[in-house]
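Novice: Protein sequence lines, in the order shown, are assigned to chains L and V.
No gaps in the numbering here: position 77 of the first sequence is 77 in our numbering, and each next residue is one more.
Residues are numbered in our numbering as their position in the second sequence, beginning at 1, plus a constant of 463.
Read the hints as simulated data drawn from the structure, not as lab findings.
Treat each hint with caution, since some may be false.
As the list claims (entries may be wrong) - As a list, the in silico DSS-like pairs of lysine-lysine whose alpha-carbon atoms are at most 27 Å apart:
1. L:Lys277 <-> V:Lys467
2. V:Lys469 <-> L:Lys346
3. V:Lys502 <-> V:Lys712
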Amino acid sequence: MNSLLLAGGRVIDPASRFDAVADLLVSDGKIAAIGEGASAQKFADLERVDVSGLVVCPGLIDLHVHLREPGQSAKETIATGTAAAARGGFTSIVCMPNTSPTIDNPGTVVLIHEKAEREGLVNVYVTGAISKNIDGKEMAPIGSLKQAGVVAITDDGHCVQDNELMRRALEYAKMFDLPVMDHCQDYSLVTDGVMHEGYWSTALGLRGWPAAGEEMIVARNILLAELTGTRVHCQHLSTAGSVQLLREARKRGVPISGEACPHHFVLTDAAIAGSEKFWATDGQGIFGSGSGSAPMCPAWPSYDTNFKMNPPLRSARDREAILEGLVDGTLEILGSDHAPHCDYEKEVEFDYAPFGITGLETELALSLMQLYHTKRLGLADLIAKFTVAPARLLGLPKGVLRPGADGDVTVFDPDREWTFEREQTASKSYNSPFYGWWLRGKAVMTVVGGKVVWREREAEVTV
Amino acid sequence: MSWKRKHLLDIESLTADEIHTVLDTARAFKAVSARAIKKVPALRGKTVVNLFIEPSTRTRISFELAAQRLTADIVNFTAEASSLKKGETLKDTARNLEALNADIIIIRHSATGAPHFLARFLNASVINAGDGAHEHPTQALLDTFTILEKKGRIAGLNVTILGDILYSRVARSNIWALLKLGARVTLCGPATLVPKVFEQMGCRVSYNVEEAIADADIINLLRIQHERQRQTMFPSLNEYISLFGLNRKRLALIKPDALIMHPGPINRGVEIDSEIADCHRSVILEQVTNGLAVRMAVLFLVNGGKGPQEIGAA
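One chain only, chain V, in its complex shape:
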């Protein structure tokens, strides 16, 4: 197994083998994180830029810490502090960063396709940290990593993604990753947020939450993306909660060993009852921990790393 890509732009273009390479590499890095000295010199002397054109806390911090663990220099660049507000184009901004010898540019952007656009003209590696409603590849990688760690396999599992699918980049990346790895994916939520067209991607679409979660091995909850939503997608938050929120009554219907996941940030009392978020079936915080290992793996691989076989020496 060998990684050859310079960028990580989306999951859709990856093969199952490539996804496994990332997951295996992440596993090796997770072992590093358990050591007393958590830092390795894999990216020493390299410059990583967190180019966050859309606000983010957890993803940015996770990447920042991952780069630091790899001994890279990391610079945070956020839209508020940038020249973008002064009218500079994203292309010019990115080329300026490259002129400062950035080796890896991690981009989060509200505009779909922005990482693909950057990758066209930059020599630096580009990592997509979330582009509009398109993809959030490292989230899907850490989600599959977590599932694999807990369940020992992905193939044949029933995964239900519940919530706002239409506007969710986490959903799209997860759908591609899970399907490529052989899981069955069910999408559930209000019809306005889960259009039937998703079936063409290879998913099952359901509007009945009880039915959608009954056979699930994994329930991945997504929050309502208010910031991306047009006005009239559902009548009220209360109605959403009553129809689709994961509450104790619904929890009683699920398989005893089903896992509950959430990419965060959680809206307690909306998509998930507060007590469920903290219950033993919830792996939400483990997802965050695994995110660090996955992002170390991705940084390592796009910088020229080949796979987990190299980590021992790193």
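Isolated chain L, as found in the complex:
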């Protein structure tokens, strides 16, 4: 049961700096052997999968996912969200606490764990709120949340504005070694902004969300991390200034880290003016020369709400800075900020649409295209940002292929060319800006605890 021999793949385990063609044996749900020890296995009933030409790596982890359960199951459920994760190559996901009710109490944590156990295709880790009801006023019961099993606290989707509350939450969380993650947004600067403040917001007449609205809180978090000694992880960073602040702080040894999302290093604010404007300006050469000859100019209208997210798409300069931050290690972690919303919620005036896009099924491909195929990062460095780095931040027993570790494995083809279509979506929602996009790189098998939870069908394998 739950055993599998993955034969002939390029096994990459950034944690142990292993990168070679080797067999990998998963036995009884655990990594049993890599290399000759694996090849020697001769169990009659052992499923042997030929993965030659493919990459075999630790199961990918997405530390930033909105599963929407409890309370918002019209958008997504634990079943559909984890199915999308499996399809995207993710074996573990970390869900955000802005559900209804919010995850600010141990009961909700238990509910999600139980539901994920029953219905989830992949491992689900839960974050708790920093403040009660995520309203930034009073500290949530962080100790009880920790006892219930949360892996971090965050008010994601919201941001604690009160610096004193944030400081005390950091001090308090340190008692439990609980990492604190923060959605960095200064409300007084951002007010009702709906897109990046710059040329395009001015031309389009949409309210701007200035880069400083993020950087202000990143700077605050750096100061508070220094003051309290607690690690602060800045979620979905989007601006050049944030990367620069983080780079300098990390150099000083401040316990601060950051993550980036593919949409922020693929798209820019010009996309909100429509595809024509985007491809004529910031879209030129985005995937470098590595994008091959495939047609790569999908069309979308102006004011398309599938390009509305928080933080917003930024300028080309910010996009470049995020990529640089990923390359020089300032940003250690990749995540999707998978934020499903119903069609009828998104099909409204731009101002009224909720922020957020889905991302679990496209993030691996977009990351490979912008980081690996453009030769900015090697495969091992890229994989590390989806495996060992988030596992270390959150203290998860995941992200490695060491014998004895959980049998979570992702097999992907870094060169597979495919087009992302609505029909392929396992998520309950369709609010992705990337439908119709030609992509390169795709998960072909997702293994959780030795069990294959998703495998690409033959028909899909032959492009």
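Add chain V to chain L, keeping to what the hints say.
Specialist: This is chain V only, laid out in the frame that chain L set:
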């Protein structure tokens, strides 16, 4: 010259030729309005809906009258009386109107991009009558029509737009139209309402009102859009008036043949001294008259009209 667009969503996407087609067509309709019988049958049997999700009087009435002059049936639909308050989405509202066989939907909305959103899924023609702080294309068309009528040309003129630019859809539409037609555009007002980023659109930005109006052939005044403004854009109305209001002292600095325009509604004593609004250089009421002809032209063109050559027969 031939018009091919089904919608009028913004000026930014129009070519100079297309703008000229509208202006020429408007000129033909203005002649119609001077006749004893002001009505033509160009849109007979067509249904036009004024879908006003944001309150408006002058634009709505202007469109209403324009549609009537073209013999269309026109229905007014305002947010207060609508199902939008009952939770219906704009998409559903618009599709319901279309199910009633509306041919043209004129939309005014406080949310930027709403007309573009409607145009994606409606078969009816969509005319933008003002969307948030984005554009107000018929206002720019009637403004350029008025300038052309008075000055005989647009190219080479110095146009200064004075006031709240950031939140003004009139400003954006005017900027695009004037630049496409070859004018030089200067924007002036408090730095908080006239950010430098407007220079990237091709305008000059000035914070010195005396300097900004000195060479202007046209001074277009905009009111402060209190309804769209965040709180702290300038200290007080009094300070605004003293720094940027068009008063008699400043009037003395301008070219003798400069025109003073205003899209209305005017706040007398704020952006413009009361007496200046009524002076001989002011063309504010002519703008309103021209608005009717321009809107007739736009309705005619989006309904399949090709250009002014067809008006004689209409």
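Novice: Are the Cα positions of Lys277 of chain L and Lys467 of chain V separated by 27 Å at most?
Specialist: holds, 21 Å
Novice: Would the hint linking Lys469 of chain V and Lys346 of chain L be met if the CA-CA limit is 27 Å?
Specialist: Answer holds: Lys469 of chain V to Lys346 of chain L is near 25 Å, not above 27 Å.
Novice: Measure nothing beyond the straight line between the CA atoms of Lys502 of chain V and Lys712 of chain V; if it is 27 Å or shorter, mark the hint as holding.
Specialist: Measuring from Cα to Cα gives roughly 45 Å; hence the hint is violated.
In summary, the one numbered hint that this structure violates is 3.
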